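Engineer: Listed below, chain by chain, are the residues.
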Amino acid sequence: MNLDSGIPLGDWEAIINVALLGLLLLVTIGIIRVRNLFAVVMLAGIYSLLMALVFTLLDAVDVAFTEAAVGAGVSTILSLGTLALIDSRREKVPNRFQFVPLLVSLAAGAVLFWGMQDMPAVGSADAPNQVHVAPYYITQTQADIDVPNIVTAVLASYRGFDTLGEVTVIFTAGIGVMMLLSAMPVIGARRRRRREDDDGDGDKAPNDGGNA
Amino acid sequence: MIEHLVPRVLAKLLIPFILLFGLYVQFHGDFGPGGGFQAGVIFAAGIILYALIYGLDQARGVISPGLVSVLVALGLLIYAGVGVATLLLGGEFLNYGVLDSHDPVHGQHLGILIIEFGVGMTVAAVMITIFYQFAGRLKITRELESDDDDEDEQADDHADGPVADARGPR
Amino acid sequence: MQWLGQFNYYVFAILMMAGIYIAMSRGNLVKKVVGLNIFQASVFLLYISSGKVWGGTAPIMADGLERAISNPLPHVLILTAIVVGIATTSIGLALIVRIKEAHGTVEEDEIAEAEILYEQELAKLDAEAMTQARADAAAAGTTGGKGA
Amino acid sequence: MSTATQAGFSLLASLPALQVVVPMVAAPICTFLRFRNGPWAFALLVSAAVFWISVMLLQQVLTHGVISYEMGGWAPPIGIEYRIDEINAFVLMIVSGISLVSLPYALRSVEREVPRDKHHLFYAGWLLCLCGLLGITITGDAFNIFVFLEISSLATYMLMASGRDPRALTAAFQYLVLGTLGATFILIGVGLLYIMTGTLNIADMADRLGPVSDTTSVRAAAAFLIAGIALKFALFPAHFWLPNGYAYSPSAVAVFLSATATKVSIYVLLRFEFTVFGEVAAFQDLHFARLLLPFAVLAFLIGSMVAIFQTDLKRLLAWSSVAQIGYIVVGIGLGSSDGLTGGIVHIFNHALTKAALFMAAGAMFLRIGSTRIDNLAGVGKIMPWTTLAFVLAGLSLIGVPTTAGFVSKWYLVLAALQHGNAGYFLAALILFSSILAVIYVWRVVEVAYFREPAGDATVREAPLSMLVPLWLLTLACFYFGLETQYSVDIARVAAESLLGIAR
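Chains as they are written, first to last, in the working numbering: chain P, 1 to 212; chain D, 1 to 170; chain Z, 1 to 148; chain L, 1 to 503.
Hints in this document: simulated from the structure, not taken from any laboratory.
Wrong hints could be hidden among the right ones.
Quick look at which bits of chain P chain L covers, simulated, 3 or more residues with Cβ under 8 angstroms [what the hints assert, rightly or not]:
#	stretch
1	104-118
2	129-137
3	161-170
Listed next, the in silico BS3-like pairs over lysine-lysine satisfying Cα-Cα at most 30 angstroms (straight line) [said to hold, decoys possible]:
#	chain 1	residue 1	chain 2	residue 2
4	Z	124	L	381
5	L	381	D	139
6	D	139	D	12
7	D	12	P	92
Example chain L residues on the side facing chain Z (calculated, C-beta under 7 angstroms, incomplete) [as the list claims (entries may be wrong)]:
#	residue
8	37
9	172
10	178
11	180
12	184
13	191
14	486
15	489
16	493
Quantities reported herein were computed from a predicted structural model and do not represent experimental measurements.
Don't be surprised by glycine CBs; every beta carbon is placed ideally from N, CA and C.
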């Protein structure tokens, strides 16, 4: 794959891009079809990793870094932890086909495909979002902030308030999880279920305990 | 807690480098890819790896949940605090230029350095907190379930069942 | 590469449809959350693709840089969106853990059954408490011993 | 880089930033306050400050016109702008005012319904929710709306699930799935608009939409935005999380959310509908909120009907909320000055009314331990003040003359009548739905006053800390029914400024 062989760099980018996106679609089909939750979580991790590769190719190195760390790392660990906690390995096969979700997703897809007709092609340098605002960041960052990584400059200064909001979001998630999971677990329902299986009429016991 | 020797030794070798890499990403974000958010996640990953290999209790001994929950709030306060400081210095909110009265560009540098530190702190602390909560929950549930199997009635000390619980204390 | 024009956008649309479908149709709550993740990540693809310039390079300044630079703004927005995504995921998973503890299942239809059962139990408790209170009041007129 | 005005700190000039930053900074501080009632007192103090700021902002806007604040000192299309005009100043005041009134009420309700060791987290979540709602309302940047929408949503999921009822967990999860779908639709819409215009600033976006307004992409963006926002405010087919969510979350949370969260989403609809798309000539014929009209009509009809058959008081009120959201969207969908005025003023009036009703229901829950309507037999005798307030606020919900509810329905019917035969039919439907409201309010009155109490002598009147906010809101329902100067006039100015941009 000699880059000097006459093929412009842009073409190679586009070809690898197509290949990666194809893999992404395959993984998604797998996620839809697989019923084993452990496998689903692993496939979701692979999905994120592929997505990170695509982002690298599309020049979004910071985003790729984050997607790999968060999507393939943290998110997978949390999902595995949840699977261990809920002690459920297989998804139940639904007994009837649901039309509404299919309808909604097809409708959303139809609107998008229709809306894409007039969108500028991917990668064109004269798209509206390449000629307004963005050139300011690219040309002025050195004078305004003097930070080589423009993404950092935009993230921390030009749109610093968004990032403050982002930190607040993650803070909210932190205290939300603390609130939801820090209390003593109430596993009465599980116990009741088990007793029901054992002797059939056990569901009165916890009520009496609570009402006495 | 993992008893095998190989992962334990490997983890011991790896964790310092993971944490070091986290610090590198934190403070090199101006020049290359990276920044507070990525650094926080990497740092947390180091701690999580430690907890996975050496057990939750050991990890809690190294970084206590109390300390983590303080850091969760502190990171956000550092970030917002920079904003309040710029307000008090007469600039707009988060206008780091006013942090250095002679050279606004240097002020921007300083501001970005501090807020990225705040971002990294909150992100790392939140990730560790979430992991602690999930792992801690797993531990408690397992203990309760083993109680449950041994002696069914004793578990009532832990929980009255959801119906009674919904009504709350009198 | 004109024939590829909007290939990225097409893939985005398909992934989005798949994500919506999984999130809405599946009864298993964990799978719903995975569906939401796919859905959100597909939107990242939309934004990042829109910022790309073919033949361009990452928006990091270096000496002697001659190639075009891709638009940094979508990258910043998506960094924020990824954080929002993981925050939502963690809250969602925490809720799933609590739902499992309360109802003993993570399948939507079984949860609905468990809730009906729960409501019947509550109604029974209320009825018992009320008859108890009436009986107490009728018997002695002293304070009624209503349950918790 | 804009030259920072080195004039020193000026409180008045910093108010727009402080409006959001004060609760944002207060939330982490709140997590440190572990002592009894400390978090509550702190949240109350912060809410009072936030309310004062919003009143000052409204005053400034009414006297000096639109306020623009540049975050970080970067001029608008480059940086994030806070832009305050009549409409969002009005919504800011509603949100912060409701928070201030419902916090005193929250003290006893939360003590009862949320475990004690989580109070500091609960009030931190409350402040974050407040911060998110204010941030959505005040900002002039499309992406910033998304960020703050997520802050408020995450805080909402957590607040809803903070109580003891396991049914709230399921409702919170349903809302999480639906809310994330909605928010991500909004993100797609904003992304498409960004791709087509190259900017994220709402005012700049409106300016630059002109040349590309007839592209399919912009229309698709509008469709995604409207659909996403409609999901967020629980418009009819997407409402199913709302009844359980409001009914089983802690009472104070139901009070706060029912009065603010959906209203703020409706404000976002107004903002995109009129400020972004309103200016574009090509969109004049295609009025997007009008597409929501059928759903809105179904919402108020079905919401009112289902409310009649509820066995739980809080669920009844929640279903009535579904119906009231329908009224507001009808007003916006009609699009005329009267309709918009009616819609905006109903945001305010319904916030007062529904907050009062949920407060009364929560007070009954505190004392009786249940809000099943059967268990409320004779509550009119044992909790006379709470029940009286409930009935009076119920009158406002129905829309009896001299109440706030009447004022907004008056404008809605007026607007409907301007639309010919279909309008007459719509007006008839609104009146019919009001009769349904009479039925469900009457059901509660019947049980509360005409049945014997169960004889439980331990039940007594609600504590003063609940009665005072409850009666404050109930009296406000009547005050704003008689004295329409503040509510309707501000709403009309806001409506005309929204339509004025469209002209």
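Engineer: State for each hint whether it applies.
Structural biologist: Against the structure, the hints come out as follows:
1. Counting residues of the stretch 104-118 of chain P whose C-beta sits closer than 8 angstroms to any C-beta of chain L gives 8, which meets the bar of three, so the coverage hint holds.
2. Counting residues of the stretch 129-137 of chain P whose CB lies closer than 8 angstroms to any CB of chain L gives 8, so the stated coverage by that chain holds, three being the minimum.
3. With a cut-off of 8 angstroms between beta carbons, the stretch 161-170 of chain P has 7 residues touching chain L; three or more are needed, and the interface restraint holds.
4. Restraint check for residue 124(Z) and residue 381(L): satisfied, since their Cα atoms lie roughly 25 angstroms apart, inside the 30 angstroms limit.
5. At roughly 50 angstroms between alpha-carbon atoms, residue 381(L) and residue 139(D) are farther apart than 30 angstroms, so this suggested pair is violated.
6. For the proposed pair residue 139(D) and residue 12(D), the alpha carbon gap of about 24 angstroms is at most 30 angstroms, so the pair holds.
7. Restraint check for residue 12(D) and residue 92(P): the C-alpha separation of about 41 angstroms exceeds 30 angstroms, so the hint is violated.
8. Of the supplied interface hints, the one on residue 37(L) is violated, with its beta-carbon coming no nearer than about 24 angstroms to a beta-carbon of chain Z, more than 7 angstroms.
9. Satisfaction of the interface hint for residue 172(L) is found here, the shortest Cβ-Cβ separation to chain Z being roughly 6 angstroms, below the 7 angstroms cut-off.
10. A cut of 7 angstroms between beta carbons decides the hint on residue 178(L): the least distance to chain Z is about 9 angstroms, and the hint is violated.
11. For residue 180(L), the shortest C-beta to C-beta distance to chain Z is roughly 5 angstroms, which falls under 7 angstroms, so the interface hint holds.
12. Contact between residue 184(L) and chain Z, as hinted, is supported at the beta carbon level, the nearest pair being about 6 angstroms apart and thus within 7 angstroms.
13. The interface hint given for residue 191(L) is met, as the beta carbon of that residue sits about 5 angstroms from the closest beta carbon of chain Z, less than 7 angstroms.
14. Annotation: residue 486(L) was flagged as interfacial toward chain Z, and the flag is violated, the nearest CB pair being 37 angstroms apart, outside 7 angstroms.
15. Residue-level restraint check for residue 489(L) is violated (minimum Cβ-Cβ distance to chain Z is 38 angstroms; threshold 7 angstroms).
16. Interface hint at residue 493(L): violated, since its Cβ lies 34 angstroms from the closest Cβ of chain Z, which is beyond the 7 angstroms cut-off.
In summary, the numbered hints that this structure violates are 5, 7, 8, 10, 14, 15 and 16.
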